[in-house]
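Same order as they appear, the protein sequences are chains A and B.
Mapping of the first sequence onto numbering that gives the first Met the number 0: residues 0 to 205, in sequence order.
Mapping of the second sequence onto numbering that gives the first Met the number 0: residues 0 to 221, in sequence order.
Hints in this document: simulated from the structure, not taken from any laboratory.
Honestly, I wouldn't trust all of these hints.
Distance ranges between label pairs, derived from CB positions [unchecked claim]:
1. B:L45 with A:Y126: 51 to 57 Å
2. A:A13 with B:R156: 23 to 29 Å
3. B:R16 with A:S198: 43 to 49 Å
To give an idea of the chain B side of the interface with chain A (calculated C-beta under 7 Å), a few residues [stated by the list, open to error]:
4. A2
5. T5
6. R9
7. E17
8. R48
9. D76
10. S78
11. V81
12. T84
13. G85
14. D86
15. T220
16. Q221
Glycine included, each C-beta is placed from N, C-alpha and C at the ideal position.
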Amino acid sequence: MRLAIEHLVVDRGARRIVDGLSFAVVAGDALVLVGPNGAGKTTVIRTVAGLIGAAGGTIALEGGDADKELPAQAHYIGHLNALKPSLTVEENLRFWADYLGAGAAASIDEALAAFDLEPLASIPAGYLSAGQKRRACLARLIATPRPLWLLDEPTVSLDAASVRLLAECVAQHLAGGGLVLAATHIPLGLARERRLELSAARSAAA
Amino acid sequence: MSAFWTLLKRDLLLQVREGGAVGTALGFYLVVVTMMPLGLGPDLNLLSRIAPGVLWIALLLSALLSLPRIFEADDEDGSLEVIATGDLPLELATAAKALAHWISTGIPLALLAPVLGLLLNLELSAYPVLVATMLAGTPAISFLGAVGAALTLRVRRGGLLLALLVLPLYIPTLIFGIAAISAATGGPSGFQASFLILSAISLFSLVIGPVAAAAAIRFQTQ
Numbered sequence: 000m001r002l003a004i005e006h007l008v009v010d011r012g013a014r015r016i017v018d019g020l021s022f023a024v025v026a027g028d029a030l031v032l033v034g035p036n037g038a039g040k041t042t043v044i045r046t047v048a049g050l051i052g053a054a055g056g057t058i059a060l061e062g063g064d065a066d067k068e069l070p071a072q073a074h075y076i077g078h079l080n081a082l083k084p085s086l087t088v089e090e091n092l093r094f095w096a097d098y099l100g101a102g103a104a105a106s107i108d109e110a111l112a113a114f115d116l117e118p119l120a121s122i123p124a125g126y127l128s129a130g131q132k133r134r135a136c137l138a139r140l141i142a143t144p145r146p147l148w149l150l151d152e153p154t155v156s157l158d159a160a161s162v163r164l165l166a167e168c169v170a171q172h173l174a175g176g177g178l179v180l181a182a183t184h185i186p187l188g189l190a191r192e193r194r195l196e197l198s199a200a201r202s203a204a205a
Numbered sequence: 000m001s002a003f004w005t006l007l008k009r010d011l012l013l014q015v016r017e018g019g020a021v022g023t024a025l026g027f028y029l030v031v032v033t034m035m036p037l038g039l040g041p042d043l044n045l046l047s048r049i050a051p052g053v054l055w056i057a058l059l060l061s062a063l064l065s066l067p068r069i070f071e072a073d074d075e076d077g078s079l080e081v082i083a084t085g086d087l088p089l090e091l092a093t094a095a096k097a098l099a100h101w102i103s104t105g106i107p108l109a110l111l112a113p114v115l116g117l118l119l120n121l122e123l124s125a126y127p128v129l130v131a132t133m134l135a136g137t138p139a140i141s142f143l144g145a146v147g148a149a150l151t152l153r154v155r156r157g158g159l160l161l162a163l164l165v166l167p168l169y170i171p172t173l174i175f176g177i178a179a180i181s182a183a184t185g186g187p188s189g190f191q192a193s194f195l196i197l198s199a200i201s202l203f204s205l206v207i208g209p210v211a212a213a214a215a216i217r218f219q220t221q
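Sequences and hints are given; from them, build the entire structure.
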């Protein structure tokens, strides 16, 4: 499986944020986008997730499920946690697993264990601390198997131990032939990690 | 299709856990209708003549109060973006959310209407017709309302704009809803024709609403 992005162009209003970006991520590979604030890391990830329309170029997941759109084969972890405060951690996870189509493959218990959430499983998400909420959000990655992980600053508000848990999950996902496209300032400490430098925001599009 | 039911079930569960929106809409409905006889005086003939109109207009305003909540909470906590990456087309996801709004708000309002009819001296023969027309007409309120809610999703204090966008779309529902009731209480128009048109408007909005709301959400979350 291979995520191929060719000559990607993305405009935000009159500003051209991404201009002719090309890269590829192969199975078992992690690509980390780096660059200063405003370089377009979030824009690239949201475009791949199908949340922003590209002005040009192609995004394709070669060797993926031909019946599904690319966003339906990807996990998008954005800045917000997508947790309902009045549902418990387990109910939140189960909803996303069911909604995202895990079916019988859903592994809620495994996901709770992976991010050390078992003691919190029956607590409403509204009572959790910021770091615990982030872990409950990340557990979605494990609960529903999907080949491509799009992680936008996944380590925000995580402590050092939780960052290690995330790194373990990412390493395991890669070992199983998964793909990761991430934007992060904290190194995840992965063995096979490539970095792609995005330059600072360009001037307004002509 | 199971994702559709999953989303519908979650929205209904959240309504039960968080309450609020339904209670506010029902309370508003009760207060507005109660104020009518106080403002118009105790003329029973006048009250029973205007009762269908008052009940329908107050119902539209009460439903309007709860419309922003259809998408707002999911947008604020990022759920809407994850919903967009699901296997389920966004059109069906918005349909599930509008359906949840109808079940949690439209049906309770329609069932409260006959109780409030007592305050307005509504003719006894009109009660079954009142409930029937409201149950047939309220889906249009939820599904057309979802379009307005999606359009004003990221607009700060968009409530007033939402009312301006959506209330004109409710006019056909209002006209045929009232026509059906007055026909049943000896009015000039035929009951069946009005009721069928009312149902047709609801079916029409059932198809158009989710598509338009999904398009509006895609545009807003860009």
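Numbers of the earlier hints that this structure fails to satisfy, in rising order: Per hint list: single violation, 8.
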